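Below are the chains, spelled out letter by letter.
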Amino acid sequence: NAGVTQTPKFRILKIGQSMTLQCTQDMNHNYMYWYRQDPGMGLKLIYYSVGAGITDKGEVPNGYNVSRSTTEDFPLRLELAAPSQTSVYFCASITGSGNTIYFGEGSWLTVV
Amino acid sequence: QKEVEQNSGPLSVPEGAIASLNCTYSDRGSQSFFWYRQYSGKSPELIMFIYSNGDKEDGRFTAQLNKASQYVSLLIRDSQPSDSATYLCAVKEGDNFNKFYFGSGTKLNVKP
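If you read the protein sequences in the order shown, they are chains A and B. Per our numbering: the first sequence = residues 1 to 112. Per our numbering: the second sequence = residues 1 to 112.
Any given hint could be a false lead.
What the hints assert, rightly or not - Within a straight-line C-alpha distance of at most 20 Å, the following computed EDC-like cross-link-like pairs (lysine to aspartate or glutamate) qualify:
#, chain 1, residue 1, chain 2, residue 2
1, A, K9, B, E57
2, A, K44, B, D58
3, B, K2, B, E93
Said to hold, decoys possible - Restraint-style ranges between C-beta atoms, simulated for each label pair:
#, chain 1, residue 1, chain 2, residue 2, range
4, A, N30, B, Y51, 19 to 25 Å
5, A, A52, B, I18, 32 to 38 Å
6, B, L75, A, I54, 38 to 44 Å
7, B, D58, A, N28, 32 to 38 Å
8, A, Q22, B, L75, 27 to 33 Å
9, B, P81, A, Q17, 27 to 33 Å
10, A, G98, B, R28, 42 to 48 Å
11, B, R60, A, K14, 44 to 50 Å
12, A, Q17, B, S26, 17 to 23 Å
13, A, I54, B, P112, 45 to 51 Å
Everything labelled a hint here was simulated from the structure, so no lab data went into it. What you are looking at is a predicted structure, and each value in this text was computed from that prediction instead of being measured. Backbone N, C-alpha and C define an ideal beta-carbon position, used for all residues, glycine too.
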C-alpha cells in the first residue's frame, strides 16, 4: 500500500518563484489536508478538502492555493514564494471514522 | 482561533521511569483528542486517541482526559530510549467533524 505520497521531498525555491507540491492517496479517503510545520513548532492547517471539488481554508492559507479535481489528488500551489514559506509540508488524509490521520512523508521547502 | 497548548520541553526522564506529557485546549466543544509521536525528520504517527473523560490504556501508554478542565495528558510507563521523540497533542474541532488542531509538541528525552 502506497498510502499518501508527496513529491518532491526536497526543493529550494528562489523568492518570487512558484511551484506545486503534489499529493496523492490511494485509500479512497474523502478528507485531505495540507499542513505546514515550522522548526520546533506544531502543524498548522493550510487548506483542507472534504471531497472532490470542495476545498476550504485552514489556519494559514495566505500565499497558497489548492484544487481537488479527483478523490486521489490534492496539489498545493505556492505562488510568489517568500522566505516565510520555508517549512516542512505534510499532506494527509483521513479514514471514514475520522480518527486516524495518514500523513505523507513530508516535503522540505526552502525559499532563498 | 482554536488553541492547543503544550510545554515545549525538553522533558528528560531516566530509562524505566514514567513520562508525563500535558496538553490544554481552548475549544470546549472539542470531542476527540489525539496523541502523535514524531521522530526528527519524520511524519507524525498516531499513538492513541481518547474521547471520553477518564483514562484509556494501550500497552505502556495511558491517555487521560478531563473535559471540565480542558486538559488531556499522556503517560508513558517504563520509558525507553526509543520513546525519545516529540509528542504532539491534537484536538478535533467540535463543530467541524474532521478539522484537527495541533499543539507545538513536547520533546521527550529518555536517558539510558
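Each hint, compared with the structure:
no., hint, result
1, K9(A) with E57(B), "violated, 36 Å"
2, K44(A) with D58(B), "violated, 28 Å"
3, K2(B) with E93(B), "holds, 8 Å"
4, N30(A) with Y51(B): 19 to 25 Å, "holds, 21 Å"
5, A52(A) with I18(B): 32 to 38 Å, "violated, 46 Å"
6, L75(B) with I54(A): 38 to 44 Å, "holds, 39 Å"
7, D58(B) with N28(A): 32 to 38 Å, "violated, 27 Å"
8, Q22(A) with L75(B): 27 to 33 Å, "violated, 39 Å"
9, P81(B) with Q17(A): 27 to 33 Å, "violated, 42 Å"
10, G98(A) with R28(B): 42 to 48 Å, "violated, 19 Å"
11, R60(B) with K14(A): 44 to 50 Å, "holds, 47 Å"
12, Q17(A) with S26(B): 17 to 23 Å, "violated, 37 Å"
13, I54(A) with P112(B): 45 to 51 Å, "holds, 50 Å"
Figure legend: structure checked against the earlier numbered hints; hints not met, in rising order: 1, 2, 5, 7, 8, 9, 10, 12.
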